[in-house]
Amino acid sequence: MSRKEKCCEFILQKLVCSNREKLPPNIQKAINKIAEEEELQIEAEVPLHERFRVVQSYSESSTEAIILKNVAKEGFATFYRMDVMPLKFAELAVQQLARFHGLSFVIQQKRPEYFERKIKTLKQSLKLNDDFRAFCRTFFNYSVEGLDSELVEGEVTEVIPVDYQLLTYGAPITNFLYFIYGATDKEFRRNHLIHLKDIYFETTDNFPKYFEMDIGSVYSTKEFERDYVECLGYGLQFMLFIFPLVFTLESDVPDLG
Numbered sequence: 001m002s003r004k005e006k007c008c009e010f011i012l013q014k015l016v017c018s019n020r021e022k023l024p025p026n027i028q029k030a031i032n033k034i035a036e037e038e039e040l041q042i043e044a045e046v047p048l049h050e051r052f053r054v055v056q057s058y059s060e061s062s063t064e065a066i067i068l069k070n071v072a073k074e075g076f077a078t079f080y081r082m083d084v085m086p087l088k089f090a091e092l093a094v095q096q097l098a099r100f101h102g103l104s105f106v107i108q109q110k111r112p113e114y115f116e117r118k119i120k121t122l123k124q125s126l127k128l129n130d131d132f133r134a135f136c137r138t139f140f141n142y143s144v145e146g147l148d149s150e151l152v153e154g155e156v157t158e159v160i161p162v163d164y165q166l167l168t169y170g171a172p173i174t175n176f177l178y179f180i181y182g183a184t185d186k187e188f189r190r191n192h193l194i195h196l197k198d199i200y201f202e203t204t205d206n207f208p209k210y211f212e213m214d215i216g217s218v219y220s221t222k223e224f225e226r227d228y229v230e231c232l233g234y235g236l237q238f239m240l241f242i243f244p245l246v247f248t249l250e251s252d253v254p255d256l257g
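Each residue of the sequence shown is one higher than the one before, counting from 1 in the numbering used here.
For the record, the hints were derived by calculation from the structure and aren't laboratory data. Cβ coordinates follow ideal geometry from the N, Cα and C atoms, glycine included. Please note that a few of the clues may not be correct.
[To be verified] As a list, the in silico DSS-like pairs of lysine-lysine whose alpha-carbon atoms are at most 27 Å apart: (1) K197 x K88; (2) K222 x K209; (3) K197 x K222; (4) K110 x K120; (5) K120 x K222; (6) K118 x K73; (7) K88 x K209; (8) K209 x K197; (9) K186 x K118; (10) K88 x K69; (11) K197 x K73; (12) K120 x K209; (13) K88 x K186; (14) K88 x K110; (15) K186 x K110; (16) K197 x K186.
[What the hints assert, rightly or not] Listed next, with one range per pair, are the computed distances between beta-carbon atoms: (17) R189 x E43: 36 to 42 Å; (18) T121 x E250: 17 to 23 Å; (19) T121 x L48: 17 to 23 Å; (20) V84 x P112: 37 to 43 Å; (21) P112 x T221: 34 to 40 Å; (22) A171 x T248: 24 to 30 Å; (23) S251 x G216: 45 to 51 Å; (24) R190 x L48: 20 to 26 Å; (25) L240 x Q108: 31 to 37 Å; (26) Q56 x E187: 26 to 32 Å; (27) S251 x Q56: 31 to 37 Å.
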């Protein structure tokens with residue numbers, strides 16, 4: 001299977017579709033949130049290049065298959081999971097993650113009734129024991145393979161998230177750290193971690209301004225920096241659990257379905 005064919009197959013996993021009544025309740029809520037975010041961005045007239053991006057979906061989707069536009073034909077592809085991502089890819093991916101989190105704050109303020117009914121009621125997708133639940137409060141599969149990037153003459157120019165597995169309600173910084181630890185090596189983090197952290201917070205701070213919202217009123221710089229320091233160990237600890245799977249040969253990956 002070619003890289004683009006793999007990309008097409010992977011895109012089918014994205015939890016966004018318009019025919020929502022056929023999907024399980026938790027997935028419906030995640031889909032509704034993304035649809036609500038797109039509506040808010042249109043209302044606020046957010047420039048296209050500054051928006052949180054999603055892939056077009058089709059009503060033929062069901063519980064068996066989620067059908068999305070084949071963005072591989074537009075030059076998008078996923079990076080191989082064993083490679084350290086390029087810096088440009090990381091910067092664009094972190095910006096998209098920050099916009100996603102920023103929109104969560106915006107929805108809470110601009111659509112309080114919707115937030116209480118559709119977002120705050122989200123429950124964990126997995127049944128975990130008490131020990132593991134205490135260790136890992138939040139998991140959002142934002143990894144190098146959960147993103148599609150557009151290449152122009154070998155350079156990454158755009159990134160679109162395509163995988164929203166196990167989306168839960170929790171602290172945003174853990175998502176950032178999971179992404180960084182899961183897709184980089186020690187040298188990359190030594191050279192770029194602070195830079196990417198600053199991009200993440202700057203985007204989280206600036207993006208809600210399109211919606212006339214001051215993020216500092218709900219998530220201050222001081223609070224963010226405190227969470228960052230307190231959660232640094234989260235990324236490393238979680239990778240001790242996930243790396244045996246990440247480094248497994250494709251032919252040996254167990255079926256977790």
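These are the hints, each one checked on the structure:
no.: 1; hint: K197 x K88; in the structure: holds (14 Å)
no.: 2; hint: K222 x K209; in the structure: holds (19 Å)
no.: 3; hint: K197 x K222; in the structure: holds (14 Å)
no.: 4; hint: K110 x K120; in the structure: holds (14 Å)
no.: 5; hint: K120 x K222; in the structure: holds (25 Å)
no.: 6; hint: K118 x K73; in the structure: violated (34 Å)
no.: 7; hint: K88 x K209; in the structure: holds (24 Å)
no.: 8; hint: K209 x K197; in the structure: holds (19 Å)
no.: 9; hint: K186 x K118; in the structure: violated (39 Å)
no.: 10; hint: K88 x K69; in the structure: holds (24 Å)
no.: 11; hint: K197 x K73; in the structure: violated (32 Å)
no.: 12; hint: K120 x K209; in the structure: holds (23 Å)
no.: 13; hint: K88 x K186; in the structure: holds (17 Å)
no.: 14; hint: K88 x K110; in the structure: violated (32 Å)
no.: 15; hint: K186 x K110; in the structure: violated (40 Å)
no.: 16; hint: K197 x K186; in the structure: holds (15 Å)
no.: 17; hint: R189 x E43: 36 to 42 Å; in the structure: holds (38 Å)
no.: 18; hint: T121 x E250: 17 to 23 Å; in the structure: violated (37 Å)
no.: 19; hint: T121 x L48: 17 to 23 Å; in the structure: violated (32 Å)
no.: 20; hint: V84 x P112: 37 to 43 Å; in the structure: holds (41 Å)
no.: 21; hint: P112 x T221: 34 to 40 Å; in the structure: violated (25 Å)
no.: 22; hint: A171 x T248: 24 to 30 Å; in the structure: holds (28 Å)
no.: 23; hint: S251 x G216: 45 to 51 Å; in the structure: holds (50 Å)
no.: 24; hint: R190 x L48: 20 to 26 Å; in the structure: violated (35 Å)
no.: 25; hint: L240 x Q108: 31 to 37 Å; in the structure: holds (33 Å)
no.: 26; hint: Q56 x E187: 26 to 32 Å; in the structure: violated (38 Å)
no.: 27; hint: S251 x Q56: 31 to 37 Å; in the structure: holds (33 Å)
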